[in-house]
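Participant: Could you slot chain C onto chain G? The hints should help.
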Amino acid sequence: MKKFDTNVIVIGGGATGAGTFRDCLMRGIPAVLIEKNDLASGTTGRNHGLLHSGARYAIKDPASALECIAENRILKKVASHCIEDTGGLFVALEDDDPAYGDQLLTACKKTGIECGEISRQQALQIEPNLNPEVIRAFTVPDATIDPFRLVSANVLDARERGGQVFTHTHVDKIETNSEGVTGVLCCDRSTGQKFEIRGKIVVNASGVWGEKVCQTAGIEMKMFPSKGSLIIFDYRVNRVVVNACRMPADADIFVPGDTVSLIGTTSRKIAYDEIDTIDVDEEEIATLLAGAERLVPNVSKTRLLRAYCGVRPLIALDKKADGRDISRGIVLFDHEERDGLQGLLSIVGGKLMTYRLMAEKTTDLICQKLNITAQCQTHTTPLPGSEKRRGGKINRKRFKGISDSVISSTQYRHGERVHQILQQDQQSDELICECEMVTAGEVKYALKHLNVKDIVDLRRRTRLGMGPCQGALCACRATSFFVELNHTTGEKAHQMLIDFLEERWKGVKPILWGDALREAEFSYWIHQSLIPSKKVSSGDQ
Amino acid sequence: MKFDSIIVGGGIAGLICGIRCAAAGLKCTIISSGMSALHFASGSIDLLGRSPNGDIIYDPFSQLPTFIDQYPQHPYAKCGETVIAESLSFFTREIEEQSLQLCHNEQNNHFHLTTFGTLTPTYLSQQSVYSPELDRAFTESRKMALLDFEGFRDFHIPLVKANLPQHTLFKNREIITGTVPLTPLIESLKNPHEFRSIDISRMFETEKHLLQIAKSIDQLAGDGEIVGLPACVGFIKHNEVYSRLQKLTGRLIYEIPTLPPSILGMRLDHHLKSRFSELGGVFIAGDKVIGGKIQSGRLSEIYTQNHESTPLQADAFVLASGSFFSGGLISEFSGMKEPVFDLALSYEKDRKDWAADQFFQAESHPYLEFGVKTNEQLNPFDSSGQPIDNLYCAGALLAGYNPIREGSGGGVAISTGYYAAENIIKANAPIGAERHD
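So the protein lines, in turn, are chains G and C.
Under the numbering used here, residues 1 to 541 are what the first sequence spells out, in order.
Under the numbering used here, residues 1001 to 1437 are what the second sequence spells out, in order.
Just chain C, same shape as in the assembly:
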């Protein structure tokens, strides 16, 4: 089988790369081995949330030029500001094509609440988490209700409520609390204590349940104009469910991320995949790339677990297989490796230098910055140090950045995925004409 581009990894970096390639008219496939890390993510896109000393960054775009100067090996430095900005607009547009509204606070970060009741800075959120209307309502200190669902174990009002007063925004705010009953909605003998976020989100997508839930919310929320709910307000049909619920209750609905599985992240995952298919991309799920043929600095074909004897060929390849968590990088007693192509890595050889003494040490853990070395175009190097010209790397397997400490995971995934696609499109220019849709 022959493609214009093959992407290894179906996470956010691989998907945005695939969508960009497919939108440019390239015949493209994504091979994904398992569940995307988006299922565990907040569903908001962090661009640059914290400075190296841990301070919160409010204006990431104004900070980027200095940041890039300071860290020339950072993936952001390779993409450059223009590509970063372009990639985020592209991402927002493509997701909106799937009727999922994303909002940001102009060039600035905004904050989203966590399951623990703390606030964390981010750049791009779904409209149920951040929107100009919500922003206005919060600054005008309108009354808020905080509701959860009967038996739901991945969101606890007492915990959120105990932590909220630590933020000035919530300090002197009266918060009405209550629990939306689910038992009346269940026809089977199921105990609502067994429900996970996904079960509840599906209940929202059934009209008669939605009406019932809206009624309960209305009763419980009193004179609260903003209603905070664990993020279960519909999954695939979220957009429709969200505006119906706001209309039915006459209140602003505010979603707060839950413990995994994260519906907010799963929505992104779902809509990115649909968009990719809509543009003609081929998504192969449940297969694992196990190796490829590299000759004189070019990768010509790859083999997968299910297609070991029929190699997949392409002009360009992207490796977006994630970090250790997703299996894109592997650590062993004796060292680290990139398991598919044995690419050159940047990491400390001595295992003692992999992690910090404390779990929550301010400097964070060095292993988070380990990963695949690339040149400016995101081409990696083989084990002998030779660059592979038609292979690009994107997302969490890249070296040189700490997604958690910096609050840059989503931003790096999107910008490097997009940048890899741009480089492929450029190299492919005579063949693939840009499609404008």
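Pulled out of the complex, with its shape left as it was, chain G reads as follows:
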């Protein structure tokens, strides 16, 4: 069995794990990141993509609100290419309690969140698709953040600083001896090969899956998973983030992002053994559509693209299993203190919004344990791609002959790295995914630098297959790059394409009517004839 050594082993390729991984490398601590699936494939990639201003929490949970607004300001600077500073609105309709707006104003003032009331006309000017029945409206500094890009940029930076990444790799066991943690035993899920990584500290940043990870070290850490569902509309229906101005409830936030808009979320307690098998159900679809209609009338008549759900990693602070003392805030466990196991830390709870802060706290504790004095710099050092302000002027002369939409889409996704993607050779500007303007150059860049193992991973790095056609035309083209560059065999390419389309289908099936069904019929027709379900074994021709 292959073995190697490092200092810190981070388990979990979501935002928290990726952030901790990067923070370690920035402080000069050798580290590896292990993710059982793909980067941002768990809870991180399954939310609104809302960069909270904190206003949503200001009334009930001022501590969270303070964290949010502080991180909001930091991330807008250091992760600018992952963020669109759209601004946000809180809107009250007839059936909302008008007094909630006053509470919101007071609470925001207390927490330092810029919040101001505007007239109905002004609100409709900012957001023309808004329900005209709006009675009160408030502006807040909400924005949108792309979680896939955020995680990818954190990992890219860590890798460029010497960190090592293992995606599609499962941690079978946290290994211990009498003194504490000694490392982890892993399994490469694509080859089945087992290997061992030895390190001084293991960080469990695997969110809701953290309960299982802890179990492999004989430690109990009870999670209380809560399912949240969302629907994606195939158009950018709204310009700014629209929040319902009332106590947080189901389907009360409408967020624009890239080429689409999202409504969410719902909140349902689920059993722990369901975390890997959840689906969006009919009732949730109805709730979400009703909530969306309330904020933006007639929106359910536009094309729906997909529905998806994620699991919130809520955690019990005590060791009791009844879940009475559940936290929604950041929880950092030092298992040496908690359970007497030296070298294991668990970072759980929190939000995508506070991933950097969670990483900072965790890395501070790592430094303390390793006697390292290096200070955190993630709040001032921009992520790769975010060196310049978002939408910063680009020297278009350098990209002569390429359409503006291709340049802008590429810069939108990769920030300053656009210079490593476009105009590399004659092929690099060829469009592979027309819906999202993904070029051959971007596909090649992702395959080379962004830990892409299959088409599903490629989608998370580039948006290939995320547009209206849901991969009907680009998936086959993308497959050929894996064959060409990664020497994927025909049989594996076959399976990869099937896996990708099955993953797309999972999101389409809950909203299968109207144009979504038309598109699915088209895609099925094309692919079923390309990749017949039973192979032809005879030699007839």
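There could be a bad hint or two in this list.
Straight-line Cα separation of at most 30 angstroms, DSS-like style, residue types lysine-lysine; simulated pairs [claimed, not checked]:
#, chain 1, residue 1, chain 2, residue 2
1, C, Lys1143, G, Lys301
2, G, Lys361, G, Lys388
3, C, Lys1215, G, Lys301
Okay, the calculated beta carbon distance ranges per label pair [said to hold, decoys possible]:
#, chain 1, residue 1, chain 2, residue 2, range
4, C, Gly1291, G, Tyr272, 53 to 59 angstroms
5, G, Glu283, C, Asp1342, 27 to 33 angstroms
6, C, Asp1357, G, Glu484, 28 to 34 angstroms
Hints listed in this document are in silico derivations from the structure and should not be mistaken for laboratory results.
Ideal Cβ placement from N, Cα and C applies to all residues, glycine included.
Facilitator: Frame of chain G; chain C shown alone:
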């Protein structure tokens, strides 16, 4: 305006129906709202490619009687074997009138390669995809070259080559590969990476380009006797281009379907439309039928988006508006409908029963079998359940079959389109005398 027959839908079913009507001397029009699904199709006609359990069918005509017995509601059962066979011969003849050669392997299926490098069974193909000469060359294991075009993104040799060895036919075969350069042929500043199949097919139709391409093919193909190319070998003038290219290179040219737009399908679309016009049919493109007047089981006139105030009248009508993809059927949050006449449908009311859990589930998706209910003559029923005697339905909007799982889409479109025309001609017999040309 008054016609003998009006056909709603300009896809393969509507066109074959129109050609049959026009050939019988009927004054006929086809109203088409948009692009035909043929632009996305393989260009081969599937008759019956797979049995219900997914096994490949080699001899569709011998399987048909059992199949029809087994599925009495299937459109094939309504047409019957004789009409199916007749319709395919008619289709082949009419296309050949336009000098596009179609071939089949006697009563059996043959296989065509896909863009992915897999093989799929089909019944009728263009001669560049299947012909007795190609068949012989392949069985004699003659050497093959596989070429693509510079910058062409809808056909990838590495992918095809990676998949080919999965078939015994290609397992131990040496395949020469190469890329036909296009840059030397381009006079403008265009990057060949921007070319789609249609751009390349047009280059083949220019004599000086054809000579250049033939020269490149000859150089690249080495001692390959069969040359596989993405299906871009000419569009309208394909027949001429194809035989010239074979002569110039001295090799058998073998076309492999590309990702859409599919030139193979577009050729069929083009030639069917020309044939229809040649026979005196009127093709109205870019208009949409929005409704009609149905009284005591008869449709007397229809309205279109562009002619809302001047209804179009006819003795007989055909609805061949396609499935969901083409807009012939519409699905909503609350149910499904046929949007033009609100015809009675056969479908599962509960949305949960529309689709399978997996995209590639062996049993396929139930919604593909949903559609318009008809009687034995292909007459549909109105929303109250009364049959409409002079309206016929054909092609993908029909209920009771799964074109993709069965590999029967082309066959059903042609046979039901043809059968609808036959029924119209029969009803019209005293007026229209059969024309033999």
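Participant: Work down the list of hints and note, for each, if the structure agrees.
Facilitator: Hints and how they fare:
Proximity of Lys1143/C to Lys301/G is assessed by CA-CA distance (about 56 angstroms); at most 30 angstroms being required, the pair is judged violated. Only pairs whose Cα atoms come within 30 angstroms are accepted, and Lys361/G paired with Lys388/G is accepted, the gap being roughly 27 angstroms. This hinted pair does not check out: Lys1215/C and Lys301/G have alpha carbons roughly 55 angstroms apart, beyond 30 angstroms. The hinted range of 53 to 59 angstroms is satisfied by Gly1291/C and Tyr272/G, whose Cβ atoms lie roughly 55 angstroms apart.
At about 30 angstroms, the CB distance of Glu283/G to Asp1342/C agrees with the hint of 27 to 33 angstroms. At about 33 angstroms, the CB distance of Asp1357/C to Glu484/G agrees with the hint of 28 to 34 angstroms.
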